[in-house]
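The chain contents come next:
Protein chains: 2
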Amino acid sequence: MLQDSRRSSVLSGKSDELGEGWRSPITRRVFLVSSAVLAGTMMTSASASPQGTETMYGLISKVDVVSGQRDALVSILLEGVAGMPGCLSYVVANDPENPDAIWITEVWDSQASHDASLSLPSVQDAIAQGGPMIAGFSERIVTAPVGGHGLTS
Amino acid sequence: MLQDSRRSSVLSGKSDELGEGWRSPITRRVFLVSSAVLAGTMMTSASASPQGTETMYGLISKVDVVSGQRDALVSILLEGVAGMPGCLSYVVANDPENPDAIWITEVWDSQASHDASLSLPSVQDAIAQGGPMIAGFSERIVTAPVGGHGLTS
Numbered sequence: 001m002l003q004d005s006r007r008s009s010v011l012s013g014k015s016d017e018l019g020e021g022w023r024s025p026i027t028r029r030v031f032l033v034s035s036a037v038l039a040g041t042m043m044t045s046a047s048a049s050p051q052g053t054e055t056m057y058g059l060i061s062k063v064d065v066v067s068g069q070r071d072a073l074v075s076i077l078l079e080g081v082a083g084m085p086g087c088l089s090y091v092v093a094n095d096p097e098n099p100d101a102i103w104i105t106e107v108w109d110s111q112a113s114h115d116a117s118l119s120l121p122s123v124q125d126a127i128a129q130g131g132p133m134i135a136g137f138s139e140r141i142v143t144a145p146v147g148g149h150g151l152t153s
Numbered sequence: 001m002l003q004d005s006r007r008s009s010v011l012s013g014k015s016d017e018l019g020e021g022w023r024s025p026i027t028r029r030v031f032l033v034s035s036a037v038l039a040g041t042m043m044t045s046a047s048a049s050p051q052g053t054e055t056m057y058g059l060i061s062k063v064d065v066v067s068g069q070r071d072a073l074v075s076i077l078l079e080g081v082a083g084m085p086g087c088l089s090y091v092v093a094n095d096p097e098n099p100d101a102i103w104i105t106e107v108w109d110s111q112a113s114h115d116a117s118l119s120l121p122s123v124q125d126a127i128a129q130g131g132p133m134i135a136g137f138s139e140r141i142v143t144a145p146v147g148g149h150g151l152t153s
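Respectively, the protein sequence lines represent chains V and Z.
Just so you know, we're using the numbering used here here: the first sequence kicks off at 1 and counts up by one.
Just so you know, we're using the numbering used here here: the second sequence kicks off at 1 and counts up by one.
To give an idea of the interface, some chain Z residues facing chain V are shown, with a C-beta separation under 8 Å as derived from the structure:
#1 Ile60
#2 Leu88
#3 Tyr90
#4 Val92
#5 Asn94
#6 Pro96
#7 Trp103
#8 Val107
#9 Val142
#10 Thr143
#11 Pro145
#12 Val146
#13 His149
#14 Gly150
#15 Leu151
So the derived label-pair ranges between C-beta atoms look like this:
#16 V:Ser153 to Z:Gly136: 31 to 39 Å
#17 V:Gln124 to Z:Ala144: 24 to 32 Å
#18 Z:Pro132 to V:Pro121: 44 to 52 Å
#19 V:Gly83 to Z:Ala144: 20 to 28 Å
#20 Z:Ala128 to V:Ser67: 41 to 49 Å
#21 Z:Gly68 to V:Ser122: 39 to 47 Å
#22 V:Gly136 to Z:Thr55: 21 to 29 Å
#23 V:Thr152 to Z:Pro85: 14 to 22 Å
#24 V:Pro99 to Z:Gly68: 41 to 49 Å
#25 V:Asp125 to Z:Ser119: 39 to 47 Å
#26 Z:Pro132 to V:Thr152: 27 to 35 Å
#27 V:Ala128 to Z:Gly147: 18 to 26 Å
#28 V:Ser67 to Z:Glu79: 42 to 50 Å
#29 Z:Thr55 to V:Ala82: 19 to 27 Å
For the record, the hints were derived by calculation from the structure and aren't laboratory data.
Backbone N, C-alpha and C define an ideal beta-carbon position, used for all residues, glycine too.
Bound conformation, chain V alone (with noise of 0.2 Å):
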């Protein structure tokens, strides 16, 4: 079920963005991966629509987890993802038939200040310590929440 389009967008990253210390193939990929979950960023995302008609930009993400590293994963995502500036929701949750899988649902009142995220400080930490614990995706899905409970800024 996963899609193939959705995914390639997360890890086409542009390099020339990344700076220093991305030399390896496998190292980028971590390292885009790791930005993506922790800032939910879509490396290829569009610029928001005008003020006043965006819509609230969402994200269900499954994480593999390097083995034995999830509860440290989880910790540091938790820590790093506070105060995020426009994210209404976001609940990290263990997969309870796969220890070495975790499962992201986010909610952002825009595109942009998911994007905007991958620059704060507080994320820039969690991507250096949390990147390395990171296997890679299984799943990555784009959604337009409407409403519900617990989205609070």
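Please build the complex by placing chain Z on the supplied structure of chain V, with the hints as guidance.
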């Protein structure tokens, strides 16, 4: 990526609990699916763990909607699921790539709360109204939420 074991556990309800009016397999299936969506109930769910040791309970569902009925179903869902005891998050989202699909992400303080929600009058009303608009499930994933932002009772 669909886990058949998870899906079948949703669809295999106890038909003798359904009362009157569920005469055809299709109708029964729609009821079971819509019950699961609206109340987040697994018909085959086990009883809750001992008090004080319960963990949060999460669901990620992709619902296939009868063509043209998505907005109507979303409205019913958003009205029907307000104020459910133990519900920490319940977000309804459109699928940007499929006009006949929605995603529902849920977090409950326990599986027991989630199971109990099925009997709420508001949820019963939503089942009655929204059930015929639901064509089926494409995804049904159980998670064990650990924490995050936007979990509110």
